[in-house]
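Novice: So you can see what is in the structure, the chains are spelled out below.
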Amino acid sequence: GQQVMQIPQYQHVQEGEDFTTYCNSSTTLSNIQWYKQRPGGHPVFLIQLVKSGEVKKQKRLTFQFGEAKKNSSLHITATQTTDVGTYFCAGSGNRDDKIIFGKGTRLHILP
Amino acid sequence: DAGVIQSPRHEVTEMGQEVTLRCKPISGHNSLFWYRQTMMRGLELLIYFNNNVPIDDSGMPEDRFSAKMPNASFSTLKIQPSEPRDSAVYFCASGVSNYGYTFGSGTRLTVV
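If you read the sequences in order, they're chains A and B.
Counting from 4, one number per residue, gives the positions in the first sequence under this note's numbering.
Counting from 22, one number per residue, gives the positions in the second sequence under this note's numbering.
It is possible that part of the hints are untrue.
[Claimed, not checked] Lysine-lysine pairs mimicking DSBU-like chemistry, simulated, CA-CA at most 35 Å apart: (1) B:K99 / A:K59; (2) A:K106 / B:K45; (3) A:K73 / A:K60; (4) A:K39 / A:K62; (5) A:K106 / A:K54; (6) B:K89 / B:K99; (7) A:K106 / B:K99; (8) A:K60 / A:K39; (9) A:K73 / B:K45; (10) B:K89 / A:K73; (11) B:K45 / A:K59; (12) B:K89 / B:K45; (13) A:K60 / B:K45; (14) A:K73 / A:K106; (15) B:K45 / A:K62; (16) B:K99 / A:K39; (17) A:K73 / A:K59; (18) B:K99 / A:K62; (19) A:K39 / A:K106; (20) A:K39 / A:K59; (21) A:K73 / A:K54; (22) A:K106 / A:K59; (23) A:K39 / B:K89; (24) A:K106 / A:K60; (25) B:K45 / A:K54.
Hints listed in this document are in silico derivations from the structure and should not be mistaken for laboratory results.
Next comes chain A alone, as it looks inside the complex:
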């Protein structure tokens, strides 16, 4: 079945440093979504990428979708304490609305 792998599992960075998390799917995806979950909270939708090679930006966050539509990345420039949380990618195949989540990358910011 469809699997979505995400690395790294944990990341500690100094405030102001950059951060990147990577997502890989075992199958070609119709789209990829990114979510953020704060400690004790629920996942919150950030963005969806649909097109091969697509790049989208939200302030300090840059999202990329691979040419083969099997991988994606989220890059945060100059991290801030408000970026703390777990970032999930979630992939959807071509057949249905089901989205499969990666295990997430937990970002911890060192002051």
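Let chain A serve as the given structure and place chain B on it in line with the hints.
Specialist: Just chain B now, with coordinates in the frame of chain A:
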């Protein structure tokens, strides 16, 4: 818009008891998902509905779990009988076909 509403927020029950979790999706959303989250297994998709019809329940762990969506504004996830290994946070999420799902605040279930 009140978002996706789940109840209860917390549930503590004894092993063997029946547990019912409730979800009210956002009006107009045609897809509804139930997820379970644990530290060990992450976010697991249990079942999802499209237009109130169960489409894929392959993630339901076993026959003790059942889910219903009698109408567009309500869904339940039932565990009977509950076991300690069912302890987790259960999320309901809704959306419009395959675009950015909205999660509820979750139900933290503890089975003792």
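Novice: Against each hint, give a clear statement of whether it holds in the structure.
Specialist: Tested hints:
1. B:K99 / A:K59: The hint is violated at about 40 Å.
2. A:K106 / B:K45: With a Cα-Cα distance of about 26 Å, the restraint between K106 (chain A) and K45 (chain B) holds, given a limit of 35 Å.
3. A:K73 / A:K60: 20 Å, holds
4. A:K39 / A:K62: 15 Å, holds
5. A:K106 / A:K54: 23 Å, holds
6. B:K89 / B:K99: 9 Å, holds
7. A:K106 / B:K99: Satisfied, since the Cα-Cα distance of roughly 25 Å is no more than 35 Å.
8. A:K60 / A:K39: This hinted pair holds, its Cα atoms lying about 15 Å apart.
9. A:K73 / B:K45: Since the Cα atoms of K73 (chain A) and K45 (chain B) sit roughly 33 Å apart, the hinted pair holds (cutoff 35 Å).
10. B:K89 / A:K73: 33 Å, holds
11. B:K45 / A:K59: Roughly 32 Å separates the two Cα atoms, so the pair holds.
12. B:K89 / B:K45: 12 Å, holds
13. A:K60 / B:K45: The given pair, whose Cα atoms are some 32 Å apart, holds under the 35 Å limit.
14. A:K73 / A:K106: 16 Å, holds
15. B:K45 / A:K62: 32 Å, holds
16. B:K99 / A:K39: Satisfied, since the Cα-Cα distance of roughly 27 Å is no more than 35 Å.
17. A:K73 / A:K59: Holds, at roughly 17 Å.
18. B:K99 / A:K62: 41 Å, violated
19. A:K39 / A:K106: 12 Å, holds
20. A:K39 / A:K59: At roughly 16 Å apart (the allowed maximum being 35 Å), K59 (chain A) and K39 (chain A) satisfy the hint.
21. A:K73 / A:K54: 11 Å, holds
22. A:K106 / A:K59: 22 Å, holds
23. A:K39 / B:K89: Roughly 28 Å separates the two Cα atoms, so the pair holds.
24. A:K106 / A:K60: 23 Å, holds
25. B:K45 / A:K54: 32 Å, holds
When the structure is compared with the earlier hints, violations turn up for hints 1, 18 and for no others.
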